[in-house]
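Enquirer: Residue numbers (my numbering), protein chains in the order written: chain A, 1 to 513; chain B, 1 to 513.
Derived by calculation from the structure, the hints in this document are not laboratory data.
As the structure is a computational prediction, the values presented were derived from the model and not from experiment.
Some clues are possibly wrong.
Copies of the same chain look alike in the list, so a pair counts if it works inside one copy or between any two.
Stated by the list, open to error - Calculated lysine to aspartate or glutamate pairs in the DMTMM-like style (CA-CA distance at most 20 angstroms, straight line):
no.: 1; residue 1: Lys441; residue 2: Glu428
no.: 2; residue 1: Lys254; residue 2: Asp108
no.: 3; residue 1: Lys254; residue 2: Asp103
There are 2 protein chains.
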Amino acid sequence: MNGAESLVKTLLACGVDTCFANPGTSEMHFVAALDRIPGMRCVLGLFEGVVTGAADGYARMAGKPAATLLHCGPGLANGLANLHNAYRANTPMVNIVGDQSTDHRPLDAPLTADTEGWARPVSVWTRTVTQAASVGAAVAAAVQAARAAPGGVASLILPSDVCWNPGGEVAAPLAPIPVPRVSPTAVQQATRVLRSGEPTLILLAGSALGEAALSHAHRIAAATGARLMSTTFNARVARGRGRFHVDRLPYVGKVARDTLAGIRHLVLVGTAAPATFFAYPGQSSRPYPEDAVVHVLARPEEDLGEALAHLCDALDAPPVQVPAAPAQSQEVGRGALSSESVAQVLGALLPEQAIVVDEAATFGRAFYPGTRHAAPHDWLNLTGGAIGSGLPLALGAAVASPGRRVVALQADGSGMYTLQALWSMARERLDVTIVVLANRKYAVLLHELANVGATPGKTALDMLDLGNPDLDWVRLANGMGVEAARADDVEGFADLFAMANRRSGPFLIELVV
Amino acid sequence: MNGAESLVKTLLACGVDTCFANPGTSEMHFVAALDRIPGMRCVLGLFEGVVTGAADGYARMAGKPAATLLHCGPGLANGLANLHNAYRANTPMVNIVGDQSTDHRPLDAPLTADTEGWARPVSVWTRTVTQAASVGAAVAAAVQAARAAPGGVASLILPSDVCWNPGGEVAAPLAPIPVPRVSPTAVQQATRVLRSGEPTLILLAGSALGEAALSHAHRIAAATGARLMSTTFNARVARGRGRFHVDRLPYVGKVARDTLAGIRHLVLVGTAAPATFFAYPGQSSRPYPEDAVVHVLARPEEDLGEALAHLCDALDAPPVQVPAAPAQSQEVGRGALSSESVAQVLGALLPEQAIVVDEAATFGRAFYPGTRHAAPHDWLNLTGGAIGSGLPLALGAAVASPGRRVVALQADGSGMYTLQALWSMARERLDVTIVVLANRKYAVLLHELANVGATPGKTALDMLDLGNPDLDWVRLANGMGVEAARADDVEGFADLFAMANRRSGPFLIELVV
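Chain A on its own, in the form it takes in the complex (with noise of 0.2 angstroms):
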């Protein structure tokens, strides 16, 4: 057996079966192991964001590791942003990434590059082997690590020589890391804190976000008077009718220190204290006021929804009930496009169990609070700010959920980062509803612009402008084998929209706004 062979058969025996790939010379005894030996599904990706991107949405589903496969440090640099956005959603996942065999490794030939140094940033484990009997345990300590909660990238570098040499040994799975316990201090310092009646807000995040978590934090809530919110960007949100519902922290920093005005205390649930997206002159990079006192109820590598659970208990809080939703009008709108409208069709036809994943943007604002009510669904974000992770994120997730329909809000000018993956959902006739928001700018760099007091000039406009010459996403779709329709009103979105979620396969709905 070969190294190449000892990984496959590791990785299925650690259940990892699932491969995002787009392989090169460097992978092909990877590639010709996976012919021989049956139980991977493989997934190639066009470009190496669409594979990460695709892995880490897979995951958020799935709730285990997909693998990636990558071609030497500058496949891997290719998928870097979507791994740094997997990296903030403490994602599990396995990157394998062939590279120059040892032996030539120091003649520096033309591919040749740090690929180590390229990975160690996003990733919670790293190891390049270097022969092929220690494959398989480096693959059983991969997954083992990419699976340790909070759940992490774990990158393992195969030059291609410990691939094609014989001595391939299949390792067993590890035993999972243990969760650390939640701690009894913590529960008792948080109890205090919120029986004391000053005013505090408990900040969620990862599986504090389930829907289990979320049904002990409003019983907290309900006892206690404090305030619950998200963090901004999550990873995956279970919300809907019948669910539990917490708004997130404003992204505008204005905003939030607005909303969290007054706030004395903040119990953390999953997450490190919040700063604001960005900096801006002579603005405090804290949401919060700067006499709260910042109280750290589990990190987020322990059991939050064990935390939660002893809080109540602790607290004596009682059972409460998801609030009745008012009756959701199946009726939408009419006329322009806007925001609100959108949400309004996105609030009504939303199909049961959707798989929503948000890289809206600025045009998105209305649609977190427009979907509040609409069908259960499970709610995927972009968490590392890296744009581009949408239509990779909503291929991956449709992987990993055959018969849930994906709806992929996407911004345009995010979107043209990663509008590869478009084809892969094509091959893979996969059930996702694409609806790009084209309004044909950097828009939110036009609000930032304006932050720094300046009223955009020539030479700006055409860094933020995307019109000249329009993007026509119906022929980008149509282009990559993804059937495809435009709309300038509301029943014609919603129209398509109802039309698209009923089909077979991808369909992408370009949103002239």
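Guided by the hints, dock chain B onto chain A, whose structure is given.
Expert: Relative to the frame of chain A, chain B by itself:
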């Protein structure tokens, strides 16, 4: 004056007047400064791989650096693969990477990443500036480092506060770093080797492939019987009718070893001793005989033209004439598209002073030999093996070279990596003819899979085949505002190619091969 204004003014003072950009929030003060200070041509790319590849193509033709404008670590990361190619091409370039403000970075907001760590492996110079007063001096040092022979990528990381803070100071250009003198010992040693009469290969790279240097190399070869060859992948070669020609070192290791069999001496001019592109089990990583002796006439940072001129003098090599070219038929063939038939069309119809960007991969095997006697032109290659450089290089070369036609010979799989470059070509109305060679597979990898002794099964084919669904490059181009047409025979291609080259603005031809 704030830091951003000193940045723009110092760049202009140092002769950097073109900026390929994809800005974000942390760069808004730079964008605002560009509005206030005239003189910088800004070209927007819809993905950072377009931005960095375009800056590479620009500098290869302009002979001076462009600036890039990139947004934080992930924006830089998206540009790394083409920075790797630029690093391998010794291309002068000044990366401006905006980043989190100095006080904000420790708060680890979502977009915070290891910007400097990612930049360093592809940069000859890297600096993070920490105060506004230092920005100007850092820019001047960056330009100096980028322009130091043989040229390199300088990466300047600017936290947003150093751009918005007052106290910026414009710096004067720094004196160029002197080019190291050619070593008389090295010239004497090469003279001895070449006079020995033993089989010798002179391997040329970098600026040794300019017109004057090639003429000296041919005088040496004619006087001594030495063979001449260039490295396989070159940043820029002056070639065509009326110019001296050199073959390239073959890409395939076995072919290269056969070609160099019997060589006793290698004389290196501007390159390290060659290695094969990849390693293969049981094969040498060196393309030359084990017992060949390697001599260095000049290192990449020396004046290669001067070294060859000194060697000419030492050998008393008489002038030589460019051999008369065979009469080049303006007739083109008929029938099926093959590498040879397409090469014949290119040879016959390439416009005078065309700039050819070659990322044609497997299907392009006949293009370089087939255009040897075409109208005089420059030939730009993918240098670092990180695919996705072709369309961005063409964009940048066209920005640098108004009045010259750029012909991009583009494999389909590689073209999909950075297809967003088409939009920038349309926006800037650049005279680029793009020929997409649509074989609808990663053909090079099918060869490589055969090399490892495997017959591709379904899993492998699914990862190496770009059909299902077929990409439609005409629609993809149209979707980004570029006119396009398809040809499936030689006559059709010749007609379209001649028409496209006479047009103003970009035109894409999809060859279904």
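Enquirer: Look at each hint and say if it fits the structure.
Expert: Going down the list of hints, with the structure as the test:
1. Lys441 to Glu428: Only across copies: Lys441 and Glu428 sit 17 angstroms apart there, 31 angstroms inside one copy, limit 20 angstroms.
2. Lys254 to Asp108: between (51 angstroms within a copy, 19 angstroms between copies)
3. Lys254 to Asp103: Between. Shortest inter-copy distance 18 angstroms satisfies the 20 angstroms Cα cut-off; intra-copy 56 angstroms does not.
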